[in-house]
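Participant: If you want the building blocks of each chain, they are given just below.
2 protein chains.
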Amino acid sequence: MKAAVLGYGTVGSGVVHVIEENHDVILEKSGIDLEVKYVLDLRDFPGDPIQERIVHDFKVIEEDPEIGVVAEVMGGTGAAYEFTKRLLKAGKSVSTSNKELVAQHGTELLDIARENHVSYMFEASCGGGIPIIRPLRTCLNAERIDEITGIVNGTTNYILTKMIEEDLEFSDALKEAQDMGYAERNPEADIEGHDACRKIAILSSLAYGKRVDYKDIYTEGISRITAADIRYAEKMRKTIKLLAYSHLDDGKVLAMVAPYLVGQEDPLGAVKGVFNAIFVHGNMLGDAMFYGKGAGKDATASAVVSDLIEQAQTAGAPVMSGWSDEKQEMQDVKDSCRQFFVRIPSDEESLRQAAAVFGSGQFVNADIEGETGLVTGILSEKDFADRLAEFGKAVSFIRIRD
Amino acid sequence: MKAAVLGYGTVGSGVVHVIEENHDVILEKSGIDLEVKYVLDLRDFPGDPIQERIVHDFKVIEEDPEIGVVAEVMGGTGAAYEFTKRLLKAGKSVSTSNKELVAQHGTELLDIARENHVSYMFEASCGGGIPIIRPLRTCLNAERIDEITGIVNGTTNYILTKMIEEDLEFSDALKEAQDMGYAERNPEADIEGHDACRKIAILSSLAYGKRVDYKDIYTEGISRITAADIRYAEKMRKTIKLLAYSHLDDGKVLAMVAPYLVGQEDPLGAVKGVFNAIFVHGNMLGDAMFYGKGAGKDATASAVVSDLIEQAQTAGAPVMSGWSDEKQEMQDVKDSCRQFFVRIPSDEESLRQAAAVFGSGQFVNADIEGETGLVTGILSEKDFADRLAEFGKAVSFIRIRD
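Which chain is which? The protein sequence lines are A and B, in order. Here our numbering is used: the first sequence runs in plain steps of one and ends on residue 658. Here our numbering is used: the second sequence runs in plain steps of one and ends on residue 658.
Only chain A is shown next, with the shape it has when bound in the complex:
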């Protein structure tokens, strides 16, 4: 069985590298003699040994009966969507790292795969090289999963770690991340939480079995986090993490992406730099966590190749999984409850007013001129927003993970 790769960018060249470098170990472990026959790219790569396998015409791949499995690592939701549909209809299994495409059209593509007795897999779409999709759909298939909480974006975790360890402001840490190649020139998808949002949509759909639309997920990024917030966090023996969170309760799913104060003793609090971790709670298993590099060319490519191998192994009798076409009923974020940390002016009148508005809170002093911190009791998002508006003078606030 031969493979094709769509796109010779970072992940695409990684896929070719993993298949060639680890050819023998793959054959030994899985009995699969994996070989890349074509790489689709509009560009040419003169001098690169891949050049002789470069094709510019998608049809060559689509119509070659020798091609059984294809890695779609071109990204985007245009040509990638079109090509994936056509490949599945042509009876070829497709693996991808393209989270936008899975989040937007995954339900349809899974259906098309099922109808054509092939599979559509996306281990690399969430958490890069961390095995999480396959554990969710196989190892934890005897579990009623009721919570997933992940640090699923390495860029923001790197920025937050830098802010904490080097006492930097957000913009300086972002610049450093860009210089290191961990953040893009246009970093919005990462820092505003859109990337994490798509990942938690995919993980939630898989865990709860119904379609969770990423557009329904409340999403906040980390661009408003400051060095002062971090000083308060440290006073509370906490750290700040961008969490992608979802919880199933009574048939409804609460899902959100936002920065949270997380205890330093919490397994998620210990996840630093570009590392990712995904925490899962099941009704029999209790707590489990998957930890590793959330990005990186070879780690992500390795996950794509692991899918290709399983697809080759199960060709003809793919194990179906995914989620149903039914839309998951969502809980309104406004009704979800938690504690909040609020920064307030420390003049006497504000303190008195804050105590009256937020109820008996616990104060946190981080020696910041003219202000103090306050931890509220457990409040709903709506209730907290109302009180925040009534108080009118808060500097900022952060949610607290319980």
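Any given hint might turn out to be false.
The list treats identical chains as one, so a pair stands whether inside a single copy or across any two.
Stated by the list, open to error - Subject to a maximum C-alpha distance of 20 angstroms in a straight line, what follows is the list of computed EDC-like cross-link-like pairs (lysine to aspartate or glutamate):
#1 K508 x D280
#2 K583 x D469
#3 K553 x D543
#4 K258 x E291
#5 K508 x E284
#6 K553 x E440
#7 K466 x E284
#8 K508 x D588
No lab work stands behind these hints: they were computed from the structure. The structure displayed is predicted, hence computed values, not measured ones.
Chain B: place on chain A using the hints.
Facilitator: Okay, now just chain B, sitting in the frame of chain A:
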């Protein structure tokens, strides 16, 4: 497809519980309508709803064509071995939590399964509910794995955590673990490292593809660790963990089980109480870690059931995996190199002598009367043992994880 369960002990009753409690979610996620038809046990359970499905005669299960998958959770290497062989030969897939049996006869049982077009699975044999076996054989099948380091025994990790957090001596912490039900009355298999040894043998066989015999693995337990050792560890910002370690280098595997000093910032250093974690390094992936409850009735049972589900899904076309019959070449532990921590008498002559024997070491003072600690440079085990004998006055030593 109907299932049978061999043994109605702790894990066996858990398997029945998971299958019944999560019947609907299993059906929804996997399309498998899993049902327990028989439970083999020598005892009767009057009043327990299981009673009507209890059989005392193994042949009933062996000869019933409706039984496609069987959970062997009776333990031991006697009847369990015999029954597993007969079931596989009768064309039934078997899942187990029985690490002794897998470590001792796994290679043969995997072969018999292959010959009979069924599968032998053991997700629950290492790390209880933590998904690790399946990730190793599927998610990481594109990887050349070169290191596995695990905290794979919850009992010893609980004891060490208690010693650290409550400043207890080993015997007091062991007693507490026994009172809590985390350690058995006869705790030898756990505290002397035999349980961890079997687990690292299984994980290493799977990761490196050749048979690693547990009898070839150098094994030390934690019974010689004292409260004083822990005071030294804390001075070094380290903790003490029983590590099950294996490393592949140049075709040879170094495997050992021993207590190690582990950095508090090391992901493995943060694993506390009865939790387990398994760290894996692959040539493309880099570092990954799997974390969760290493034991417990429902968590372990959930792992057994996840195997039964996969076996039901792939009935007729099982995906083969395991390891070859070839014996893995092992590296002699004596040649392996690392730093060591040694406690020595603090009189002037001993200090002078220690400096001469161990070379320029770094001293650690934990305010313990009449002694001090010393961290050696990197030495081979053999070299260190020679120097230790030459010095002749060391109180004790612990290896250091790099």
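Participant: Which numbered hints turn out to be false for this structure?
Facilitator: Every hint satisfied by this model.
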